[in-house]
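Using the sequences and the accompanying hints, generate a full structural model.
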Amino acid sequence: MLSFLQPEFLIQRDKDRCNSCGLCVKQCSFEVHQHDKVKGTVLSDETKCICCHRCVTMCPTRALSVRKNTLAFRRNSNWTVKAVREIYKQAETGGILLSGMGNPEDYPIYWDRIVINASQVTNPPIDPLREPMELKTFLGRKPERVDIDANGNLQVKLPPQLELEAPILFSAMSFGSISFNACKALAMAAAQLGIYYNAGEGGLHKDLYNYSRNTIAQVASGRFGINIEYLNACSAVEIKMGQGAKPGIGGHLPGEKVNEEISKTRMIPVGSDALSPAPHHDIYSIEDLKQLIYLLRETTGYAKPIAVKVAAVNNISSIASGIVRAGADIIVIDGFRGGTGAAPTRIRDNVGIPIEMAVASVDTRLKNEGIRSQVSIIASGSMRNSADIIKAIALGADAVYIATGALIALGCHVCQKCYTGKCSWGIATQNPDLVKRLNPDIGSKRLINLITAWINEIKEFLGGMGINSIDSLRGNRDMLRGIGLNQKELDILGIKAAGE
Amino acid sequence: MIIVDSRNLNFREINEQIKLAAQKSKYINLINVNGQRYIGTGLSSSVNITIEGLPGNDLAAFLNGPRITVNGNGQDAIANTMNAGEVIIHGMAGDTAGYAMRGGSVYISGNAGYRVGIHMKEYKSSIPAIIIGNKAGDFLGEYMAGGIVAVLGLNLGKGDSIVGNYCGTGMHGGVIYVRGHVGNHQLGAEVVRKEMKENDYKKLEPLLRKFCSYFKNDYKDIVKGPFTKLVSVNKRPYGSLYAY
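Protein chains in written order, with this note's numbering: chain S, 85 to 584; chain B, 3 to 246.
Since the hints were derived computationally from the structure, they do not count as laboratory data. All values derive from a computational prediction rather than experimental measurement. Hints are not guaranteed to be accurate.
[To be verified] Under the rule of at most 27 Å between Cα atoms (straight-line distance), these lysine-lysine pairs were calculated in the BS3-like manner: (1) Lys212/B / Lys126/B; (2) Lys126/B / Lys160/B; (3) Lys506/S / Lys226/B; (4) Lys341/S / Lys226/B; (5) Lys212/B / Lys173/S; (6) Lys126/B / Lys290/S.
As structure tokens, this is what we get:
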């Protein structure tokens with residue numbers, strides 16, 4: 085069948101600079117570049133280019149660049165180039181469109197319409213370079229009241245807590261969706277930073293048990309790699325009910341990615357599809373969720389917080405209230421920008437609500453019901469920088485999960501082709517030649533750099549507000565103002581307009 | 003033998019008592035069990051537990067070695083994500099028995115509910131098995147990725163169907179043996195009938211012999227069948243659904 089799809093990108097090869105060394109041929113996992121044996125030059129098949137910049141970055145003579153193919157279609161604000169191309173693709177394949185990463189569409193980003201307060205004259209700012217700033221965060225159910233004896237000792241048995249040096253965690257990414265080296269980089273960074281990473285659904289590779297104290301185990305509908313050893317090795321257990329990139333949709337790890345190591349960790353045969361159904365088939369109600377929460381408590385000796393992760397959807401505040409009443413210690417809310425290794429494009433781009441709205445409405449609802457202290461809230465999807473984190477916490481989150489940001493630190497160029505398994509940066513792939521491109525030591529260093537920089541920025545924000553502890557920011561919406569938002573949006577976010 | 007009277011104990015207390023008892027004896031008898039959930043959760047020793055009464059949901063979840071015998075019916079999610087060991091139910095089992103089970107075996111003398119064997123999976127020598135004495139509900143072996151499910155139809159009434167509808171929907175591994183007739187309309191789109199081979203009888207023999215010894219059935223009679231063998235069409239039922 086003749087393909088109507090013209091290349092999305094064009095390779096520009098500077099002939100004066102290219103010495104036909106062929107490094108680009110080796111580096112491109114999508115096989116864009118090929119030797120022309122007759123002419124002794126290198127040619128490019130641009131139809132395969134996905135714009136990952138691997139060849140551009142590695143070219144020793146800087147001969148390569150990638151440009152958007154600006155091939156003209158007649159202007160049409162309705163039938164956009166994207167809309168037309170997607171129809172071509174579906175007409176040629178008959179398939180559901182797949183995408184990687186989070187929703188890239190042109191919806192409002194509320195983070196960018198919220199500004200942060202600072203102290204002036206009264207309640208002076210604090211300089212974080214010279215004065216202590218407390219970012220320590222405890223995630224878990226807090227007791228209704230605290231009694232202290234005459235010696236200052238706590239007289240209440242605290243429910244299990246996760247102790248973090250900063251309110252940031254690495255979000256669930258399974259070994260399978262990402263490479264072993266990527267998992268290891270996250271694990272090493274989490275351990276060194278005193279935070280946690282989530283192993284995702286797929287079990288824990290035996291070589292990562294060293295980092296299990298900084299690991300959150302995930303129990304999802306496929307129950308891959310779940311056994312008592314794994315659950316007890318990790319510091320918390322997260323029940324995954326849904327994720328922001330594909331609310332109401334399960335996950336498919338295609339059989340071709342299930343190699344020997346993945347097979348061992350997931351405990352399934354090599355080459356078998358790893359299918360996670362959309363629902364947990366033992367959960368049809370809040371009561372059923374409670375049953376699984378208490379099963380996991382019973383399994384882990386009541387020593388670990390149990391988290392429940394849901395996608396941000398229409399009735400998120402009622403859902404969250406139910407989750408608290410089911411006994412969860414932590415609720416994870418994943419907004420519609422949340423990332424993924426593979427999601428049906430239409431679902432990713434059209435289902436769910438923004439995390440800004442979700443976290444604000446959940447915090448408000450739980451406070452109104454008097455149950456906010458019974459649970460910690462982790463917001464995710466997506467936190468692009470420290471300002472987003474400050475805003476999320478001021479809207480009511482206890483901490484945030486980051487994933488895409490962490491992968492970008494490791495070299496991800498957000499080409500959105502994770503589902504092909506050909507990630508040229510060694511992240512979303514199981515091909516050993518590609519995996520070794522990501523050095524876990526260097527990767528963890530990059531992650532530590534990123535989080536350290538964000539921590540310092542968070543401290544500067546806090547100091548500017550005259551606050552010396554992240555606890556004083558939590559749910560402190562008076563520190564936020566909205567710009568260009570209508571009254572309804574301001575009401576849901578629980579913030580005033582700038583100038584008010 | 004240590005007897006644990008479960009009357010007025012909650013599940014946490016029962017499991018604590020089991021762990022204490024398991025240090026002293028290999029045989030534990032739970033009496034007066036009345037709906038308590040999670041009995042035997044994550045237990046790893048080689049202890050034998052006999053339950054008198056009705057254990058609640060998630061009996062033997064994450065079980066990792068023991069043998070649990072129930073003299074009566076069980077409820078939902080028996081052997082949830084079980085790893086190793088044996089569960090023997092002298093009666094009926096509820097829905098989703100053997101959910102995501104990865105090893106060990108479950109023997110049920112009577113009927114089993116909906117979605118039994120859902121997402122069972124196998125890995126190398128660890129092949130889970132569920133043997134159901136009479137009939138099973140809809141969605142038997144749904145999403146099944148490995149292991150063995152056998153339904154024997156030993157006590158079918160007139161007009162009873164040995165399995166429900168959507169049998170093997172989404173199945174992509176493992177095998178279901180049904181001792182009786184399964185209509186085409188009862189099969190999920192992802193399963194096909196295959197002829198019984200010698201190897202199938204080899205797989206079934208130790209399981210059926212145990213079943214017969216536990217429930218006093220005649221092995222020779224049961225093994226006569228005839229069995230309908232159901233396997234998945236392929237390992238990747240939804241591989242062609244997407245545009246790459």
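Going down the list of hints, with the structure as the test:
1. Annotation: proposed proximity of Lys212/B to Lys126/B holds, straight-line Cα distance about 22 Å (limit 27 Å).
2. The suggested pairing of Lys126/B with Lys160/B is violated, with an alpha-carbon distance near 41 Å, which exceeds 27 Å.
3. Proposed proximity of Lys506/S and Lys226/B is contradicted: the alpha carbons are some 51 Å apart, above 27 Å.
4. Straight-line distance between C-alpha atoms of Lys341/S and Lys226/B comes to about 41 Å, which puts the hinted pair past the 27 Å bound.
5. Pair hint Lys212/B plus Lys173/S does not hold up; C-alpha atoms about 55 Å apart against a cutoff of 27 Å.
6. With a C-alpha separation of about 17 Å, the suggested pairing of Lys126/B with Lys290/S holds against the 27 Å cut-off.
Violation of the numbered hints given earlier is confined to hints 2, 3, 4 and 5; the remaining hints are satisfied by the structure.
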